[in-house]
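Q: Residues per chain are reported as follows:
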Amino acid sequence: MSDAVSELREPLTARPVSYAEITADIARPLEGKPTRLWYLGIGISGTALLLGMLAIGYTISTGIGTWGLNRTVGWAFDITNFVFWVGIGHAGTLISAVLFLFRQRWRTAVNRSAEAMTIFAVLCAALFPLIHMGRPWLAFWPMPYPNLRGSLWINWRSPLFWDVIAISTYFIISATFWYVGLIPDFATLRDRFRGLKKKVFSFLSLGWNGSARTWQRYEVVYLLLAGLATPLVFSVHTIVSFDFATSVIPGWHTTIFPPYFVAGAIFSGLSMVLTLMLVARKVMRLENYITKGHVGSMCKLIIGMGGIVGLAYATEFFIAWYSGNPYEQFVFMNRALGPFAWAYWIMVSCNVIVPQLFWSGRIRQNLALVFGLSLLINVGMWFERFVIIVTSLHRDFLPSSWASYKPTLIEVVTLIGSFGLFFTLFFLFCRFLPVIAIGEIKGVSQWAQKKPQEVGSGGGGGDGAADSTVNGQTEEANA
Amino acid sequence: MNGTTKTPRPSDVCGLSERATRTLWRIAALGGLLTAAGWIISTERTCAAVLVAALWVLGIGLGGLVFVALGYVTKAGWNVALRRVPEAMAGILPLGVLCMVVALAGAPAIYHWLGGAHGDALLEHKAPWLNAASFFGRAVFYLLVWLGFSFAIRKVSRAQDKSGDPRLTGRNVVLSTLFLAFFMITFSFASFDWIMSIEAHWFSTVFGVYCFSGLFLAGLATITVVAITLKRRGLLPGLRDEHLHDLGKLTFGFSIFWAYIWFCQYMLIWYSNMPEETSYYATRFHGAWGPLMYANVVVNWLIPFVVLLPRPAKRDETVMFKVALLLLGGRGLDLFLLVQPGISDTPRFGVWEIGALAAMLPVAVILLFKVVQRVPAVPSRDPMLAESLHYHN
Chain A
1 MSDAVSELRE PLTARPVSYA EITADIARPL EGKPTRLWYL GIGISGTALL LGMLAIGYTI
61 STGIGTWGLN RTVGWAFDIT NFVFWVGIGH AGTLISAVLF LFRQRWRTAV NRSAEAMTIF
121 AVLCAALFPL IHMGRPWLAF WPMPYPNLRG SLWINWRSPL FWDVIAISTY FIISATFWYV
181 GLIPDFATLR DRFRGLKKKV FSFLSLGWNG SARTWQRYEV VYLLLAGLAT PLVFSVHTIV
241 SFDFATSVIP GWHTTIFPPY FVAGAIFSGL SMVLTLMLVA RKVMRLENYI TKGHVGSMCK
301 LIIGMGGIVG LAYATEFFIA WYSGNPYEQF VFMNRALGPF AWAYWIMVSC NVIVPQLFWS
361 GRIRQNLALV FGLSLLINVG MWFERFVIIV TSLHRDFLPS SWASYKPTLI EVVTLIGSFG
421 LFFTLFFLFC RFLPVIAIGE IKGVSQWAQK KPQEVGSGGG GGDGAADSTV NGQTEEANA
Chain B
1 MNGTTKTPRP SDVCGLSERA TRTLWRIAAL GGLLTAAGWI ISTERTCAAV LVAALWVLGI
61 GLGGLVFVAL GYVTKAGWNV ALRRVPEAMA GILPLGVLCM VVALAGAPAI YHWLGGAHGD
121 ALLEHKAPWL NAASFFGRAV FYLLVWLGFS FAIRKVSRAQ DKSGDPRLTG RNVVLSTLFL
181 AFFMITFSFA SFDWIMSIEA HWFSTVFGVY CFSGLFLAGL ATITVVAITL KRRGLLPGLR
241 DEHLHDLGKL TFGFSIFWAY IWFCQYMLIW YSNMPEETSY YATRFHGAWG PLMYANVVVN
301 WLIPFVVLLP RPAKRDETVM FKVALLLLGG RGLDLFLLVQ PGISDTPRFG VWEIGALAAM
361 LPVAVILLFK VVQRVPAVPS RDPMLAESLH YHN
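Listed in order, the protein sequences are those of chains A and B.
Position 160 (the first sequence) corresponds to 160 in the numbering used here; numbering is contiguous.
Position 371 (the second sequence) corresponds to 371 in the numbering used here; numbering is contiguous.
In short, the hints are calculated from the structure, not lab data.
The model shown is predicted, which means the values in this text are computed figures rather than measured ones.
Mixed in with the good hints, there may be bad ones.
To be verified - Covered stretches of chain B, going by a simulated chain A footprint (3 or more residues, C-beta under 8 Å):
| no. | region |
| --- | --- |
| 1 | 18-27 |
| 2 | 178-186 |
| 3 | 270-279 |
| 4 | 292-301 |
| 5 | 383-393 |
For each residue, glycine too, the CB sits at the ideal point set by N, CA and C.
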């Protein structure tokens, strides 16, 4: 970070606030009674969660025959949901780890909620392979450990096994990262509360005493965890893409899948963070901390990621033709013109065309519109996975075994249930934990940052001042 | 003091001494003669060697331009004090374009599909894309638009030296965004055209990303080498350990990114084991090419990864200089392995290959140091400069 902050940079809070105000604003939702809006929100999401649990219970007790899968389409709704949720989980670590390493200080307003979202999304994702196994009580079988099951051993060469390792590692590191970031805030809350809450936060804050040494160690740990988490952002979705790309199924086997899946995951995660931060901004009254500038930055990242995803679509289509492989060509033509063309064109319009609207500064400032567009991108990214999975499978090499796929009610309710789980956890998080990193937001409040003049250099406009600094640097270097 | 030029510029203090410049010119002249002779005596070999050298020089210009543009788009503050180095690299883009023109003049010797399909069904299928008119048309279009962006972005940056107008930063943000969007698409397709189509039957969707990762990694290495050289001669006063540290982090990160893309392409092709795809690696891992393939990964990833992992290494001028030089060698090797195995069964590095490199690289070095010294070493009135001079990691 810089001692001097250029005048070109917009302030990161809408109006200047004191440290005391920051603490009070962010601790407020934890102190009073929740708003009516909050009860409404958790009521709806809790109901969805319960419905989902019923559907899952029915699936487990009856079998996967309750789903619309058939011999040709062996992976469909469940794996679509799995990839969708894993993807959503990517923006959290991107914002908290990658943007931290790139010193993007605007991330402070959204990193906490994005990290929480990551953890909840990974939980939702884990649900689907678990129930797809059919016998979830044997879910420990993919774990490699010496056992008494004879020669039954995991297949080390299977990307499905790599997935188990990658996602559980990702979950552990993300949760650790989230918890470590929360420690100073737990201490702040400990000091504010009495009674049981004080005891709980006191326990969670691990004896934080706010000394310079504590902070320094905290920052070292945070930096190291950020460095460790960054490769995981890549590895998780890379390996999810390997689930498909290592096969020889046309439409699945293509070398661009790893970076394309990672970009797509970040793209979908960003749009989900954007959706949620606009909700949290209104419901939790955080307009001062989540500004239009933050929303604008998110929109710009979405343009970039959407561009990469769009280029990947185009490249795949082009190479399918260029390769001269008739099966590849068929799969891509079938996507665009076949029975699932509607899904394909929803995907293209939501993921490639919608983000282009964000080029306009006026649209980026219109928060209601941004909210609507971010929802569309969420929809588009769900359909992207559906298109990749179902359309590549449903018309396979033998036309005699071509089949279609239609989700059953049970599958739809399970998807709704996963949204219920996600939002229930998110609402609980908003109620019981600080949604913004109190310690970090203090570091970017307006009066914690110096203007260039205050550190003795003119920067833009100041004649000669910059030169003397430049020369000062030389002398320093020569000395 | 008018705040525009403050760097001492006597003729004896320059990035490249006059003697070195003269020697480099002589090497270039000799290389040029060799290349001209090789073009007649051993056309195919010389043309392939020229393509490797031309892609290298073109990559210096593009790498610099992408670095500058990314800085503007992400509103980076740290890089301003050293931005004139990548700007100068973008400034020698015309030379890169010239080299590419020479290389494409030799296209019929390298791209066998240019001579017609001759009953090859796959080439007949690809003819709507792989034909002389559209191939050269696309090349002219890509190269001209890249040149245009390079001129425009550098011009705005220079104008700010005079006026100090902060709105010029905004203009460059817009130009840079447009450039990156255009570049992302065109560079991908240019890689298909200029490199992938040498082995016209083979295809890989991630190929453009792979070429980009190498380009940007080499760009960072070039910036590091030039910046440190200038600093050692007192010509880049704003460069501090903090800047080296950040360059080091980026180099480290993009070295891993390069290896990541390398691995993804290799692993997926190895795992699926389909003949139409494995041909690429079958050529490259057999015979004398094999050790070079392993060396490529060692030079471009393993050594930089191990050396640059500790924090002090990234802040050490000597270490950074050596790693960056190694990566420049790695760039040459990577390009060699991208182009040559499609043309020759065994690696050949003889008089024609050396001649082509000697003809082009010294000119790039001379021009790079000339361009970097023609303008003030620091964009002294950039509104972000103060951040760059005062930040710490």
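Q: Work down the list of hints and note, for each, if the structure agrees.
A: Outcome of the hint check:
Coverage of a stretch by a chain is defined here by at least three residues with a beta carbon nearer than 8 Å to that chain's beta carbons; for the region 18-27 of chain B and chain A the count is 0, and the condition is violated. With a cut-off of 8 Å between beta carbons, the region 178-186 of chain B has 3 residues touching chain A; three or more are needed, and the interface restraint holds. Closer than 8 Å: that is the beta-carbon criterion, and the region 270-279 of chain B has 4 residues meeting it against chain A, so the requirement of 3 holds. By the rule of at least three residues with a Cβ nearer than 8 Å to a Cβ of chain A, the coverage given for the region 292-301 of chain B is violated, with 0 such residues.
Under the rule that three or more residues need a Cβ within less than 8 Å of chain A, the assignment of the region 383-393 of chain B holds, with 10 such residues.
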